[in-house]
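S.K.: Sequence:
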Amino acid sequence: MKELRHLNKYFLKYKYKLIVGIIITIIARIFLLFTPRYVRKIFTAIEQALDGTLTKEAFRSELFIAILYIVGAAVVAGIFTFLMRQTIINVSRYIEYDLKNEIYQQYQRLSLNFYKKNRTGDLMNRISEDVGRVRMYAGPAIMYSINTITLFVIALIFMFNEAPMLTLYTVIPLPILSVAIYKLSREIHKRSTIVQEYLSKLSTFTQESFSGIAIIKSYGLELQTATNFTELSNDSRDKQLSLVKVSALFFPMMILLIGVSNLMVIYIGGLQYINGEIESLGTIAEFIIYVNMLTWPVATVGWVTSIVQQAEASQKRINEFLKIESEIQNPTQEPFHIVGDIAFNNVSFTYDDTNIQALKDVSFKVNHGETLAIIGKTGSGKSTILDLIGRLYDIDSGTLLIDENPVNLINLNDLRTNLGYVPQDAFLFSDTIKNNIKFGKEDATDEEVIQAAKYAQVHKNIMGFKNGYDTILGERGITLSGGQKQRISIARAIIKDPKILLFDDCLSAVDTETEEKILKNLNKLTSGKTTIIVSHRISAAKNADKIIVLDNGKIIESGTHETLINTDGYYKDLYLKQLSESDAK
Numbered sequence: 001m002k003e004l005r006h007l008n009k010y011f012l013k014y015k016y017k018l019i020v021g022i023i024i025t026i027i028a029r030i031f032l033l034f035t036p037r038y039v040r041k042i043f044t045a046i047e048q049a050l051d052g053t054l055t056k057e058a059f060r061s062e063l064f065i066a067i068l069y070i071v072g073a074a075v076v077a078g079i080f081t082f083l084m085r086q087t088i089i090n091v092s093r094y095i096e097y098d099l100k101n102e103i104y105q106q107y108q109r110l111s112l113n114f115y116k117k118n119r120t121g122d123l124m125n126r127i128s129e130d131v132g133r134v135r136m137y138a139g140p141a142i143m144y145s146i147n148t149i150t151l152f153v154i155a156l157i158f159m160f161n162e163a164p165m166l167t168l169y170t171v172i173p174l175p176i177l178s179v180a181i182y183k184l185s186r187e188i189h190k191r192s193t194i195v196q197e198y199l200s201k202l203s204t205f206t207q208e209s210f211s212g213i214a215i216i217k218s219y220g221l222e223l224q225t226a227t228n229f230t231e232l233s234n235d236s237r238d239k240q241l242s243l244v245k246v247s248a249l250f251f252p253m254m255i256l257l258i259g260v261s262n263l264m265v266i267y268i269g270g271l272q273y274i275n276g277e278i279e280s281l282g283t284i285a286e287f288i289i290y291v292n293m294l295t296w297p298v299a300t301v302g303w304v305t306s307i308v309q310q311a312e313a314s315q316k317r318i319n320e321f322l323k324i325e326s327e328i329q330n331p332t333q334e335p336f337h338i339v340g341d342i343a344f345n346n347v348s349f350t351y352d353d354t355n356i357q358a359l360k361d362v363s364f365k366v367n368h369g370e371t372l373a374i375i376g377k378t379g380s381g382k383s384t385i386l387d388l389i390g391r392l393y394d395i396d397s398g399t400l401l402i403d404e405n406p407v408n409l410i411n412l413n414d415l416r417t418n419l420g421y422v423p424q425d426a427f428l429f430s431d432t433i434k435n436n437i438k439f440g441k442e443d444a445t446d447e448e449v450i451q452a453a454k455y456a457q458v459h460k461n462i463m464g465f466k467n468g469y470d471t472i473l474g475e476r477g478i479t480l481s482g483g484q485k486q487r488i489s490i491a492r493a494i495i496k497d498p499k500i501l502l503f504d505d506c507l508s509a510v511d512t513e514t515e516e517k518i519l520k521n522l523n524k525l526t527s528g529k530t531t532i533i534v535s536h537r538i539s540a541a542k543n544a545d546k547i548i549v550l551d552n553g554k555i556i557e558s559g560t561h562e563t564l565i566n567t568d569g570y571y572k573d574l575y576l577k578q579l580s581e582s583d584a585k
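Quick note on numbering: full-length UniProt numbering labels position 197 of the sequence shown as 197, and the sequence is numbered without any gaps.
Treat the hints as calculated values from the structure; they're not laboratory data.
There may be inaccurate statements among the hints.
Derived pair list, reagent style EDC-like, types lysine to aspartate or glutamate, alpha-carbon separation capped at 20 angstroms [said to hold, decoys possible]:
hint, residue 1, residue 2
1, LYS377, GLU557
2, LYS13, GLU129
3, LYS520, ASP497
4, LYS365, ASP403
5, LYS360, ASP394
6, LYS365, GLU62
7, LYS116, ASP341
8, LYS41, ASP361
9, LYS554, ASP387
10, LYS441, ASP431
11, LYS316, GLU3
12, LYS239, GLU197
13, LYS323, GLU96
14, LYS466, ASP497
15, LYS17, ASP98
16, LYS524, ASP545
17, LYS460, GLU513
18, LYS13, GLU3
19, LYS377, ASP573
20, LYS572, GLU562
21, LYS316, ASP98
22, LYS365, ASP425
23, LYS496, ASP414
24, LYS100, GLU197
25, LYS41, ASP394
26, LYS217, ASP238
27, LYS496, GLU447
28, LYS377, ASP361
29, LYS9, ASP98
30, LYS554, ASP352
31, LYS520, ASP545
32, LYS460, ASP414
33, LYS201, GLU162
34, LYS360, GLU325
35, LYS496, GLU448
36, LYS454, GLU513
Start from the sequences, fold in the hints, and give me the full structure.
M.R.: Laid out in structure tokens, this is it:
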């Protein structure tokens, strides 16, 4: 139960609803327990009518009153049972809602390193399947536990007052039940943990398969993928069956023990009636009803125990992520006005997950309003520079200054609000084109959206779609071409009107003519903004105020376009190569 203590704050939040639910539950059970007492009175009245001590008229009156009380108690108990579910079960839904929000917010806070180390399917499983199991503990488990305790306490008091010795014989099977529950619950807890781990593996596999369906089809790997999924499903099925086999022992055991209790009531009660220790056969009938009323609550002891064990296993998995402290923390809530000066002073950075040193003693400066172009081979560290400016990672050594302030001391929200970032791998959401562009500025007008699309040279493409800007994109923008996705990403960045614009090789899928038009538009838009362009093309870099060339994490050349093409080196070689390729076309 240690892991489930995390939910105590939610129980305190909804304590008044829970208290009302508990009171309603107790009232409902009390009214339900009136039935056996009046059944005993009916049997007593029958016996008195048979031996002549009760007249027919009096018997009819007694019978009518008893039936009236039984029906009335059942109706009242039914109403309160309905209210019980409306309070306690509703609370579990509130807790489920709050817990999912807490997990999602934690996911939002965690750094990129976390997402490199954990799979999407596992993250989804913890916020869905695991939270669902925890909800069962916060609702049905609590409700049935209160129900069972109330029934047991009140029923045993009524039974003991009527026939103490018969009550003792009736409850003999209960200690056996407790020991069995203890042993089985430990095994359920262990197997539940394994089941949840396999559910995460299944979620991860299916998520990756659906996301990469184009690759699977293009390589003709449908059969192999299906085979792998079948093997994983079979393993998951075996673990589920292993859990079910243990859980399935509960109900037969409950029914057996309740049956034994019924036999004891009939046999011991019959002997006591013959010996005159019990005044009426109605007492035996009352006890049989009590025992059968306790059948479901006793049976739920096993079910509730199983729920608690599974919930604890799931909450443990949830807590593992909730306890992780993000490597990137917002150092202050003080507002910070971004101007756009950026300075790298001997910055070095190594990726934790691969241990690859991406940058080695990198130094450069970009003043606000200037444009910096970064050229280099694949893996030279170009994208890493943009990630560090957005503080998606923290540097290992050196200093990274924004407006002469260390980036790790600046209000993180203000920093990222003033950044417009276009990644190399353009990511679009499964929404309309308009909303994807407005993602950079939620309150943007339709005119602003259209203007941003025009600057990004994608307006004509959008108008060519049947529904124009209201066209719904597939997952990750799969319905668009690579160039269209990149240009919509550019529109999303420029509509934000940020102080700093970061373009990570975002024109790689665009033809040179369209690239030239976009770059001309960007030159107009970036006036007064700090702009950093990462590219493999000289055409995208040549108009920049400064150019740096990276190789293996180090700056090997720097200067203007004119300076670099007149200096023997990587930049000049690349320029001549691309120039000859252009002439050949």
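S.K.: Starting from LYS554, check that the Cα of ASP352 is at most 20 angstroms away, please.
M.R.: holds (19 angstroms)
S.K.: Within a Cα-Cα threshold of 20 angstroms, do LYS9 and ASP98 meet the stated pairing?
M.R.: holds (11 angstroms)
S.K.: For the pair supplied as a hint, LYS454 and GLU513, confirm whether the alpha-carbon distance does not exceed 20 angstroms.
M.R.: Given that 20 angstroms is the threshold and the Cα spacing comes to 15 angstroms, the pair holds.
S.K.: Hey, LYS360 versus ASP394, does the alpha-carbon distance stay inside 20 angstroms?
M.R.: holds (14 angstroms)
S.K.: Decide if the proposed pair is consistent with the structure: LYS524 and ASP545, CA atoms, cutoff 20 angstroms inclusive.
M.R.: holds (14 angstroms)
S.K.: CA of LYS323 to CA of GLU96, is that 20 angstroms or under?
M.R.: Holds, at about 18 angstroms.
S.K.: For the pair we were handed, LYS17 and ASP98, check the Cα-Cα distance against 20 angstroms.
M.R.: holds (16 angstroms)
S.K.: Between LYS496 and ASP414, is the straight-line Cα distance small enough, at 20 angstroms or below?
M.R.: holds (13 angstroms)
S.K.: For the pair supplied as a hint, LYS365 and ASP425, confirm whether the alpha-carbon distance does not exceed 20 angstroms.
M.R.: violated (26 angstroms)
S.K.: Given the hint that LYS116 pairs with ASP341, test it: the Cα-Cα distance must not exceed 20 angstroms.
M.R.: violated (30 angstroms)
S.K.: Hint check: LYS360 vs GLU325, CA-CA at most 20 angstroms. Holds or violated?
M.R.: Measuring from Cα to Cα gives roughly 27 angstroms; hence the hint is violated.
S.K.: LYS100 and GLU197 were given as a pair; does the straight-line alpha-carbon distance stay at or below 20 angstroms?
M.R.: holds (19 angstroms)
Of the numbered hints stated above, those contradicted by the structure are hints 2, 6, 7, 8, 14, 22, 25, 26, 32, 33 and 34, listed in ascending order.
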